[in-house]
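Q: Okay, here's what each chain looks like letter by letter:
Number of protein chains: 2
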Amino acid sequence: MRLLYHHPLLASARKVRLALHEKRLFFEEKISLPWEREEAILRLNPAGEMPVLVDEDGTTVFDPVTICEYLEEVYPEPALIRGTPAERAEARRLAAWFDHKFQREVIQHLVVEKLVKRAMANHAPDSRALKVGRDFLVTHLQYIGELTEQRGWVAGSALTLADLAAAANISLVDYCGDVPWESYPAAKEWYVRIKSRPSFRSLLRDVVPGIPPAPIYADLDF
Amino acid sequence: MRLLYHHPLLASARKVRLALHEKRLFFEEKISLPWEREEAILRLNPAGEMPVLVDEDGTTVFDPVTICEYLEEVYPEPALIRGTPAERAEARRLAAWFDHKFQREVIQHLVVEKLVKRAMANHAPDSRALKVGRDFLVTHLQYIGELTEQRGWVAGSALTLADLAAAANISLVDYCGDVPWESYPAAKEWYVRIKSRPSFRSLLRDVVPGIPPAPIYADLDF
Chain A
2 MRLLYHHPLL
12 ASARKVRLAL
22 HEKRLFFEEK
32 ISLPWEREEA
42 ILRLNPAGEM
52 PVLVDEDGTT
62 VFDPVTICEY
72 LEEVYPEPAL
82 IRGTPAERAE
92 ARRLAAWFDH
102 KFQREVIQHL
112 VVEKLVKRAM
122 ANHAPDSRAL
132 KVGRDFLVTH
142 LQYIGELTEQ
152 RGWVAGSALT
162 LADLAAAANI
172 SLVDYCGDVP
182 WESYPAAKEW
192 YVRIKSRPSF
202 RSLLRDVVPG
212 IPPAPIYADL
222 DF
Chain Z
2 MRLLYHHPLL
12 ASARKVRLAL
22 HEKRLFFEEK
32 ISLPWEREEA
42 ILRLNPAGEM
52 PVLVDEDGTT
62 VFDPVTICEY
72 LEEVYPEPAL
82 IRGTPAERAE
92 ARRLAAWFDH
102 KFQREVIQHL
112 VVEKLVKRAM
122 ANHAPDSRAL
132 KVGRDFLVTH
142 LQYIGELTEQ
152 RGWVAGSALT
162 LADLAAAANI
172 SLVDYCGDVP
182 WESYPAAKEW
192 YVRIKSRPSF
202 RSLLRDVVPG
212 IPPAPIYADL
222 DF
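Protein sequence lines correspond, in order, to chains A and Z. In this text, residue positions in the first sequence follow the working numbering: the first is 2, and each later residue adds one. In this text, residue positions in the second sequence follow the working numbering: the first is 2, and each later residue adds one.
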C-alpha cells in the first residue's frame, strides 16, 4: 500500500495530499510531529523532513516539489501541470510562489505563531508577527483574485498544481480563522470552488490536537 | 536573442547559467543588483526576483526551479533530469537539497556575511555566523563525498541538475576561499571534474566589484 508520512500543520504536505487525492491515488497516512525527527523518517530521508511518500512499488520520494513532479510523471492523469511549456512554467512558478513567498510572508508569521508554537510548546503568539502576516496576506488574496478573475484558475483555465499549492497554504490560515474572505470576493469565489472538491475533504477533517479549527474552516458555505 | 537577468552572487542564477551552458544555449546577460528591485525585472516578474529568463520566442520564465524544468522540456538534450521516475526524483530532491538546505545552512551564514553584506553596505561579517556556516559546510562536503564515491556523480552515474545545484552553491563558498578541500578528497575530486567543464568557465570569470575572489577560485589545479 502507498504510504504518506505527513502532519496536518505542514502546508507542503497538504499540497501533496491534494495532488494524491486529485489523481485518485489511495494512500495510508502516518502522522508524525514535524519537530520530532522520527527515526523512521530519518531512515527514509536524510534531510529528516516530511512529507515522505513510499509508493506501492517501494519507491521512496521526498521533498514536496519532487513528490509532485514524480506523481505527474508516474500518474499523468488527470494532469496537474499541463499545456505548453510556457503554461507548465506558469503553473510551476505560481506553485513556487505559494510554497516559498506565501510561506515566508504569511505562514511563518501567522500559522507558526498561532498553531505551531502553541502545539509545540504552548507559546502565546507574538502580536507584531501576526500583524505582519495579516498585512502580507492581503496582497496574496488580491493576487489570487486578479489571477482567477482573468483566468478561471490560478495558472490558467484549468486547475493545476498552483491552485493546490495556494489552497494548501491558505487552508492553514483559514484553520486559524484569519482570512478576511468578505473583503476579497474574487479570492473567496475561487476558494469556495476548490474547497468543495472531493480532494479537499480529508484536509477539512484535520484537527490539530488541543487547537480546534475556526468554525468556518470545514464549512462549505462560509 | 535569449536573455538572462542575473547576478554573480545568486547561487540559484549560477545553477541556471550552468544549465544553459550544459545545453549549449547561447544567451545575453543583464546583471542587476539583487537588493535593488529594478523596474525592468518587476515588469517581468511580480516577485521581483532573479534569475529571469526571456527565451528566443519571448517566453518569460522565472523562479529558478521552474526555469530548469522549462529548459529540460524545451531543450531536452543533453538531459539534466534523466532516467526512470525514481532516478529523476533523486536528481530533483538533491537539487532541492542544495537549493534550500545548503542555502539556509551555509550560504546564509558564510556567503551572505562575507560577500552580500559587504557588497551591499560594506558591513563586516559576524564571526559567529561564519562559524555556523563552516560547521554546516563540513556535513555537506561529507555528503557529496559519500554520494559521488558510490555513484560517480551526485544523483547517479551521470551529471544531473543535482550536480549543477551543488556546484553552483559551493562555487560561492569557494569564491570566499572557505572550502577546506584538502580534508575532503572525495568531494574535491568531484569538484575538480565539474569545475573543468566548459559550462563552468563563465562562473570562474565572475568578479564581485570590490571583493576579489580567493586565489584558488578560478584555478583548475587547486
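Treat the hints as calculated values from the structure; they're not laboratory data. Hints should not be assumed to be uniformly reliable.
Given that identical chains are not distinguished, each listed pair holds provided it fits within a single copy or across any two copies.
What the hints assert, rightly or not - In silico SDA-like links for lysine to any residue, alpha-carbon gap of 20 Å or less: (1) Lys189 <-> Thr60; (2) Lys24 <-> Ala41; (3) Lys24 <-> Met2; (4) Lys102 <-> Leu11; (5) Lys189 <-> Arg152; (6) Lys24 <-> Asp179.
Q: Hint by hint, note whether the structure agrees.
A: Now for the hints, and whether the structure bears them out:
1. Lys189 <-> Thr60: neither (38 Å within a copy, 31 Å between copies)
2. Lys24 <-> Ala41: neither (27 Å within a copy, 39 Å between copies)
3. Lys24 <-> Met2: within (16 Å within a copy, 39 Å between copies)
4. Lys102 <-> Leu11: both (15 Å within a copy, 17 Å between copies)
5. Lys189 <-> Arg152: within (15 Å within a copy, 49 Å between copies)
6. Lys24 <-> Asp179: Classified as neither: same-chain Cα gap 30 Å, cross-chain 46 Å, threshold 20 Å.
Consistency with the previously given hints fails for numbers 1, 2 and 6, ordered from lowest to highest.
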